[in-house]
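Engineer: Residues per chain are reported as follows:
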Amino acid sequence: MTGEPVGCPPPPPTGAPAGPLEPWPETVRWQSVSTDLIRVELLRLAGLLGVVLVGLAVGWVMSGHRLFGVAVGAVVLVGAVRVVTIVRAVHAWGYAEREDDLLVRHGLLVRRLSVVPYSRMQFVDVSAGPLERAFNLATVQLHTAAAASDARVPGLRPAEASRLRDRLTALGETRTEPL
Amino acid sequence: MTPDLPMPDPPPPPTPAPLPAPATAPGDGGPGGRGGVADAEPRQRLHPLSPVLHGAKSLVVVIAGLSWSTLSRVGFGWFALMAALLALGATVLAVVSWYNTGYHVVGRELRVHEGLLWRRTRAIPLERLQAVEVVRPLLAQLTGLAELRLEVVGGAKTEAPLAYLGVAEAGVLRRRLLALAGPAPAPGPQPAPDDVAPAVPPPPGRALHAVSNRDLLVSQLLTPQAFLLPFGVAFVVAQFVSEGSYSFIAVASTITAMAGVLLQPVRRVLDDWNFRLARDEGTLRVRNGLLETRAQTVPLSRVQTVGVTWPLLWRAKGWLRLRLEVAGYSAAEGDDRNRPDRLLPVGDHPTGEAIVAEVLPGVRLGALATTLPPTRARWLRPLSRRAVGAGLDERVFAARSGLLTRQLTVVPYARIQSVRVTQGPAQRRLRLATVHADTAGGAGAAAPDRDLAEAWWLAAELTARAHAARRAG
Chain A
6 MTGEPVGCPP
16 PPPTGAPAGP
26 LEPWPETVRW
36 QSVSTDLIRV
46 ELLRLAGLLG
56 VVLVGLAVGW
66 VMSGHRLFGV
76 AVGAVVLVGA
86 VRVVTIVRAV
96 HAWGYAERED
106 DLLVRHGLLV
116 RRLSVVPYSR
126 MQFVDVSAGP
136 LERAFNLATV
146 QLHTAAAASD
156 ARVPGLRPAE
166 ASRLRDRLTA
176 LGETRTEPL
Chain B
24 MTPDLPMPDP
34 PPPPTPAPLP
44 APATAPGDGG
54 PGGRGGVADA
64 EPRQRLHPLS
74 PVLHGAKSLV
84 VVIAGLSWST
94 LSRVGFGWFA
104 LMAALLALGA
114 TVLAVVSWYN
124 TGYHVVGREL
134 RVHEGLLWRR
144 TRAIPLERLQ
154 AVEVVRPLLA
164 QLTGLAELRL
174 EVVGGAKTEA
184 PLAYLGVAEA
194 GVLRRRLLAL
204 AGPAPAPGPQ
214 PAPDDVAPAV
224 PPPPGRALHA
234 VSNRDLLVSQ
244 LLTPQAFLLP
254 FGVAFVVAQF
264 VSEGSYSFIA
274 VASTITAMAG
284 VLLQPVRRVL
294 DDWNFRLARD
304 EGTLRVRNGL
314 LETRAQTVPL
324 SRVQTVGVTW
334 PLLWRAKGWL
344 RLRLEVAGYS
354 AAEGDDRNRP
364 DRLLPVGDHP
374 TGEAIVAEVL
384 PGVRLGALAT
394 TLPPTRARWL
404 RPLSRRAVGA
414 GLDERVFAAR
424 SGLLTRQLTV
434 VPYARIQSVR
444 VTQGPAQRRL
454 RLATVHADTA
464 GGAGAAAPDR
474 DLAEAWWLAA
484 ELTARAHAAR
494 RAG
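Those protein sequences? They're chains A and B, same order as listed. The first sequence begins at 6 in this note's numbering and counts up by one. The second sequence begins at 24 in this note's numbering and counts up by one.
Calculated from the structure, these hints are not laboratory results. The beta carbon of each residue, even a glycine, is placed where N, CA and C say it ideally should be. Honestly, I wouldn't trust all of these hints.
[Stated by the list, open to error] A few chain B positions that, by computed beta-carbon distances, are all more than 10 Å from chain A: (1) Thr332; (2) Leu426; (3) Val444.
[Unchecked claim] Label pairs and their in silico Cβ distance ranges: (4) A/Ser68 with B/Val83: 35 to 43 Å; (5) B/Val83 with A/Pro163: 55 to 63 Å; (6) A/Ala164 with B/Ala487: 27 to 35 Å; (7) A/Gln36 with B/Pro384: 53 to 61 Å; (8) A/Arg172 with B/Ala487: 46 to 54 Å; (9) A/Leu50 with B/Arg454: 26 to 34 Å.
Chain A with its partners taken away, still in its complex shape:
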């Protein structure tokens, strides 16, 4: 068996990809996550900002120092920027089920796309925190033996989450191979 190097032939000019996060547009049908995830994330952000702002306000009242006012302004500004990025980031989340693997894309600043074969799945997590439950959402996470794999899909309707979980486990069971 000679290791005839296949090498990296120049990539076939399939034309420019539709978008940086959307490769193989002809075979992949992306599904987006629920926009209610925006509200969940915004509420989380509001909670965090609230705690910080109350702390700063107390400090401002107690000491009367100008710096606290500046800090409050900065926190509000950061919060405003986060609001915009949250809205855009939720729209950037997406997943697609192909015949043999699950595709998950996310991230705005650093864009990530994971391709996880069903046969490599070790276990599936379905989780829903109190905030997510309030908005009737759940998160599905796929674990492989590699720690670096990241295939997490937040903001799914519970019905969709259990459908995905069942499909993944069913596909995983029929195809799992040992390490």
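Starting from the known structure of chain A, fit chain B onto it as the hints suggest.
Structural biologist: Structure of chain B alone, referenced to chain A:
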């Protein structure tokens, strides 16, 4: 992956223990034998000398913990007394824990019971066994004992180090566990090689390679630590001479610091002394060590990644180092001495090529072609653009990195767990992306800063080839 692998023999029936009951260990461990299962074999104790060894080991720790300054403050007599008391306490604890520790094989599981107050029973599923290692520290060699370490998928650290067993017992148990583990064929025909254990017995099976100790010494002298040490010593000595004062603590601390700097190369020399590599059916056997000998067995089907390193100072010699990754080690594990990742501590190119061909059949190290990222990647890597690269071979994905210490990571397609494409903000401006191939052990391989279209093509190709390789293998 290994087509020449014979089908594993059916695992021996678990009921009657083929272990010769060691004369020294009591047959039934644990008060009452809490096993419960009717057909389970009786629980085995560890070797009765183990607490003594643990106590002696703790003596070293105690002395290091008390440090030089304590010695100079309290005088030698008190120091010795303190150390002896602490070590004695540790030994008593070790005796108690020895009394409450037991192991036995139940079906395809190894069960380890331990603990007096917090009882713990660990069941180690043997089909997830990745590697077995027999470690013999110096003291254990003097007393004819050995420690058995098992590596299991999903464990953050080495599971169940059985310390200590008699050497013969450890060899028998290892063979039995590997036979139960599945892909490793039961070593039926070969004569039991571990029963008589000289200092470093020749590994069973077909010998692949032996590293010459002279090369090992030279290679470790060619490390930055050993290279720069004379300058450090000269600096300190010059300071002593210029100040004209010597104190015991200053001298002793300097020596300790020097030893610390030299620790890594010296450890490598001691660890990799007498390095022997052999192949026995479908497993790879590695033996090494001077003061502490290790005999490690890795089923070839469990190799996840092979890494090749060309350190800067070794380039004149044309030497390289090979590493292998098995699943079950987190990359973050601090103590890398216990990672069974040695494949070749030092060797020239033909040797490396021969060993890689043995571990990953059909892969020729010299023929692995990698291509560079596009020219515009120089904005991100002004110096190292030409040092990184990636290529698809017939059976493996190869990724090159490192400007000074050149590295090559080889991942068989069949071992890829998932494929990721990431793109940072700067990469987006340049229309570049990084493609990662994740593996169950180690960090996987990454092709940094590829052209976006090529990255998509690479990801699709990796996914498809991984799929095809899994189907075929």
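Engineer: Each hint should be assessed against the structure and marked as holding or not.
Structural biologist: Hint by hint, here is what the structure shows:
no., hint, result
1, Thr332, "holds (21 Å)"
2, Leu426, "holds (21 Å)"
3, Val444, "violated (4 Å)"
4, A/Ser68 with B/Val83: 35 to 43 Å, "violated (54 Å)"
5, B/Val83 with A/Pro163: 55 to 63 Å, "holds (57 Å)"
6, A/Ala164 with B/Ala487: 27 to 35 Å, "holds (32 Å)"
7, A/Gln36 with B/Pro384: 53 to 61 Å, "violated (41 Å)"
8, A/Arg172 with B/Ala487: 46 to 54 Å, "violated (21 Å)"
9, A/Leu50 with B/Arg454: 26 to 34 Å, "holds (32 Å)"
Going down the numbered hints, you'll see the structure goes against 3, 4, 7 and 8, while the others check out.
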